Amino acid sequence: MSNENFDPIIVGFFCNWCSYRAADLAGSARIKYPSNVRIIRVMCSGRVDPTFVLKALADGADGVMIAGCHPGECHYINQNYKAMRRYEMLKHTLSAMGVEPERVRLVWASAAEGQQLAEAIDELVGDVRRLGPLHWLQNWDENGQRQKALDDIVKEHEEAMEVSA
Amino acid sequence: MADKIGIYVCHCGSNIAGTIDVEEVARWAGKNIEGVVVSRDYKFMCSSLGQQMIEDDIKNEGLTGVVVGACSPHLHEKTFRNACKRAGLNPFLCQMTNLREHVSWVNSDKAAGTKKAKALIFAAAERVKRQKPLEPMEVEVNPATLVVGGGIAGLQATLELADAGYPVYLVEREPSIGGHMAQFDKTFPTLDCSACILTPKMSEVGQHENVTLLTYSELEEVSGSVGNFKVKIRKKARYVDEDKCTGCGICIEKCPRKVIDNAFEAGMGYRKAIYSPFPQAVPRIPVIDTENCTWFTRGKCRVCSKVCPTDAVDYDQKDETVELNVGNIIMATGWKLFDCKRIPQYGFGRLANVYTSMEFERLCNAAGPTSGKIVMRDGKTEPKSVAIVHCVGSRDVNFNPYCSAVCCMAALKFGHLVLEKTKAEVYSFYIDIRTPMKEYEEFYQRLLGEGMHFIRGKVAEVTDAARRPEEHGKLIVQAEDTLLGKQRRIPVDMVILMGGLEPQADAKELGLKCGISCSMAGWYTERHPKLDPVATMTDGVFVAGVCQGPKDIPAAVAQGAAAAARVAGMIAKGIVTIEPIVASIDEENCSGCRICNDLCPFNAIEYDEEKKVSRVITALCKGCGTCVAACPAGVITGAHFNNEQIFAEIDGILWDANPQAEVEIASV
Amino acid sequence: MKYAYYPGCSLERNAAAYDHSVREVSDLLGIKLQEIDDWNCCGATEYFSQNELAACAVIARNLALVEPQTDQIVAPCAACYLNLAKTDKLMVDHPEFGKEVNQCLAAGGLKYEPGRVTVRHMLDVIVDDIGETAVRDKVVRPLAGLRVAPYYGCQVVRPIDNNDNPEYPMKMDHLLNWLGAEVVDYPVKAHCCGGHLTQISEPQAFELIRRLLQNAQDYNADMIICMCPMCQLNLDGYQSRVNGFFGTEFKLPIMYFTQMLGIAFGIDPQKLGFGKELVTAMPVLEAKLGGLLV
Amino acid sequence: MSDKPKGKLAFYWAASCGGCDISLLAIDEKILDVAEAFDIVLWPCATDGKVRDVEKMADGEIDVCLFNGGIRTSEQEYMAQLLRRKSKVLVAFGSCACEGCIPGLTNMNTRQEVFDTVYKEGSATMPENPQDVRPQPATKMPEGTLHLPIFYDTLRTLDQTVEVDYYLPGCPPEAENIWKAIVAILENKLPPKGSVIGLNTTVCDECPRTRGEKKIKKFYRTWEIIPDEETCLLEQGLLCCGIATRAGCGALCPAVNSPCIGCHGANDGVADFGARLMSALASVIDSDDPDEIRRIIEEGIPDPVGNFYRFSLAASQLRRKKKVVRG
Amino acid sequence: MAAHIAEKKGTFLEEVIEATPGGERLVHCLQCGSCGGSCPSGADMQYTPRTLIAMINANDRDAVLAANTMWACVSCYFCTSRCPQDIPITDIIYTLKRLSIAEKRYRDTDAPALAKTFTDFVDRYGRSFEFGLATGYHLLKRPISMMKMGPMGLQMFTRGRMALRPTKIRQIEQLQAIINKAKELSAK
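Chains as they are written, first to last, in this note's numbering: chain A, 36 to 200; chain B, 286 to 953; chain C, 4 to 297; chain D, 24 to 350; chain E, -12 to 175.
The set of hints was computed from the structure by calculation and includes no laboratory data. Any given hint might turn out to be false.
[As the list claims (entries may be wrong)] Below 20 Å or equal to it, Euclidean Cα-Cα: the simulated PhoX-like pairs (lysine-lysine) are: (1) 103(E) with 170(E); (2) 238(D) with 897(B); (3) 92(C) with 102(C); (4) 190(A) with 79(D); (5) 102(C) with 170(E).
Since the model is a prediction, treat every value here as computed from it, not as a measurement.
Let's have the full structure, built from the sequences with the hints guiding it.
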């Protein structure tokens, strides 16, 4: 499945206080990392609703990164632990849904850890690239047979009606 | 009302334009994003001309939302919100997206950068369409302040506020204010006598008309929020009536029970069962230590009660709880010394003449157990050689990874005191000598001149296992002299361990009571490490002194004063505005499942037993959104970060992920 | 309580006293030791100096041979203990490396799942699993009056965490206390015995041995109690050479802690391998414990 | 009511168990009121009706169509489109039409896997099939080609197929709620288009148990404990979906000491029923240690999809398990 | 691999880090000397472990591999357990030993010969063989010390603590297959 040319899209949910600032710091320090992660700011990793992650994957993201303050350093005291619990729950469910849990990652990054954050992004992008595209929308189509089947019904009914009439 | 969105893409000189095709981003956004009526790029959006451009567009085009793609919102969100406000658009209808720190600076591929910038702009535009105007709340500020901790930082804060004419309640858990500084002998680098500079401040606080002193008391509970906190203080029973006691001290003198003083004297001296920690204590009212008092342990004695001229001793006294209303709280709870027994190879507790720095402070203090004579544990022999061990428990991932900031200077001070008072050789074992403040390096130079020996190497072990005849009966300090690259064993008579500073054991618990958090190490977290070092995440709660991180006396005093200034400013203004980013519960649809009840560390969610619904106390909510994400019924909304807004942001940010999307992708 | 038993090469011959006493004491304490069938050498420190993968593969063979129904392995030798524990930890912490080790094992038709077996030292088993009450219950000849210096050496207390302080371990102190002995608290109890340096650089090794003997003697110890065959060999076997080298007159018997347990439990000294030590222990035992030994 | 000209009502079933048809009868004699108010133009379960009759109707001729069942085959999709065209008001009736319900759990498999299970491994309806006979979409006969509808990999909800005007949740909907909906239709007092006809609180609102603050150290499966009858089942560690499930059933299951399984689906504005449950439950797990958290989750919730998405998998964000791309 | 280490591509530091599990902590060395201070053989070392780390940082590969430090190491792990930066110093010393032996860079030490003799016995019999080690290694390398060993050896022998013949494990072929595979893999 590995595909060097595949350019994954990864949605990041970063807490306002540590991780978003870590990303700011990575920028100020001109640390280069792949531009695949697109960051959405939330006030706390505790705000990250599993729905956000599922929606991002369903809407076409190949991976998701949730980033928050280190355990014990949350600006909201301990809300990042709730993020940790939800993350474990989410991974458990994602595995059952056939989504490789490696695509979704919880990362702790303090405002001082621009370098570490960049490394974590590097790693996630690499891992997702190895896993290949997720393309969730493809899961829903019916291998191109659907429209034809519908047209067949209409045609058949028209023919049948003729006979009956 | 139809959306009229303005998009503003900043070049930031070449900072953004260098790796993002900003013109293309602006053109593309104008063409592809529904509701966009203006889309511009500009050299420096944050310049007055850039801001003017936005203001003009708001007025002329009637914009309903503004998206600025520039630098980090942490830098300029306020700038652009203000610009919107000036033009009559609610500041919360302005959304910044970070094209500089998060895109152009971390990326060198222009095509990839441009694509990512488009995603961020799209997301911000989709979001801003769903943003709602928000107004901050205003609350009146109670002019009284609670200061927790009567060490030097707390004392300074108290005096600043009291002198400004505001009432202050100072809570201290020990029987006297003064803190660690009262235990010290001299202070570096000027070598002023610690007591000489501290005690005047203590008595000033003790006598100040605006200060209510609550010693031997602990903070029990905090409720309410900035401007109007309600606090409960537990006044522990002293068994001495504060109103009757004159502080004559005769009870202490006559008390027959002597106990080792592990607190003030660091185990080096004795006190009585009824005691005042030190002669200059404020207040001078003694306390009875019930664990050792013969009356309390065996029901006999009552000497103190018999000798008291004012009949102040009251064995039946009970703890009492005091309730106070204050507008602000300053936490100045200080520190404790690293437990040197945790490093057994340094021998403390096992080898008699290994001392902690605090023990040594008492040892060379003129008011201490040896009246300032530096002698060994036998109480008479003067050491001929003394080793000072730096970084005990500090800069060590096995214990505390941080630098304790004060030990190098304290070690130099100790070196000076030993050299001044004895004929001993002094060896200092250090990793790095850190002397960054005013006159500190000069002090180091002074000690070099005084003949103190400096050996660069972290001490490996202190042992009494002699290998050579000259080592017998000595303590041998073994280390690598890293400047020589050789192992050295220095036999000495006395070893002083410069234990690091640690947060108080209950710092975390106490912090939780007033809604402030701790770093990994346990120091209170300030709102911003550089730009807001005395405020915390909880409005109205400030930090001062070592409880926020290791620091020396001048820094603790400065921070105490700074915290006081912040509080004084709030009192002077009289009104505080509260950020409108808060959660709210739709009570109509809340079913009272109580999932959210235990999730808020700020206790901002209350449960109404009667209506069987939960409710957010807006003034306490900090807007983290954890309850919003947890509510199984989806009836909690987080203002400015509601589901609809974030869903829209996700949709926008994935603009190119759906091949069927009706967006111009080919141009990428 | 059932454990897989890995005696290690030293216990076959040189430290047979250790092996005998371990088995005797275990029997009495109800510790069931199932010797690993056809175990091989742990490679000591030597194999690690040559080839890390081969070293770990050689060690992992023993782990792989532990029967599936047993999840704990006991090693009385410090080097064996550390090598087994270290290999398991390396395989757990570095899964890639673990895979390579398993590739090697596969060449011999074996497989080891990292983390499956917990590696224990005999001392830990007795102190932590059997515990004070059970040990005290078995004591019939208290070692009262005997001053013993517990000697831990290095590789059991460091670097693998065995719930004892790596600088100032206390487990053997406690155990010997339970036996009624007078335990000497001396500072070098976890210092090095010289290890394999006796084979490479005698002057260097002898100095390390001297430091230990000297310190124990300074603290008036009657004997040193050890928990590793290498320590015993260096301190006991080389004691007369050290005396010759430095002109000292050390005469400190070096015994295994299991031998002392056996004595206290009333087991026949013969069965415990008494007499195999070069610096004989009988005189001091008889002097201090009197006719008890007869 | 009787003065008004009679309206036209259709009741159709797609991928569902038939329970909804029965539930319509559970309104008892009130069904006569329905018959009085409406001409029932299509109800395959109860009356004779032909698709071609519907096809012949004018667009919008049917006043109300109550549609139960999800969309699993091309025929069902065709019927959904046809009835949408012919109806003024299309109501997704019951959990299957609203959110896929139990048939939607088949989205954990593909058609191939479903067919293998049914035709190869055997089932109650087809215990043996040695020739491995499979339904063919088209079979040529001397008389012409016979068509069978295509069986889709993924079951869709009604509103993933056609536009839906109203939703009536429940598996099946409660008689009382059906009647309320019918009255609303008859009196033309319908809520805004797209609404769920029913309450917007959760089962907790109707649950008589006492609730406190929640902290969960272990999740139990129903057979593992006998729960206390007074306190909240969730607080006792039973995975009760009531916290996230729309009210309206009167908390039937918790009332008989059995945890809610979520058949009424989510409240207004919730984008993913399972995610709400996951988020809420995870939030109150009483541990901050990742290993312990993992253990609590893995031991207590071995089948997360079954627990969180029993009724709503097809309507969830992901809708189905990832299909393994062949080749 | 972390980016800040990746920048050191091709250096000796990188080589040592790569070859040592946990080796990435090396970059955190404070040069505090607690390793050199703790080492029981510290006094006999030409370079203390701390100095070696500085030399590794300075890319002084030749001098490091020729140092006697590794051969004085007794594997007591004091340096590792005391290191304030959690650097696995003993394991790094093992890495240096392996590199030094592989490239025959060692000088004035018999330790590699001892290691070789020892491992040869393991490879051949599956167990170590003290008598063989004594005769094989000592006779070859240091006949004089062998003579001094004489009385001790005799005592050991009379007390039944030394065997004249090695024990061979039953499934020696299995062990050898494992060892051969390991050697084959590590040669890559």
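Practice prompt. Kindly indicate which numbered hints from before are broken by the structure, ordering the numbers from low to high.
Written response: When the structure is compared with the hints, none of them turns out to be violated.
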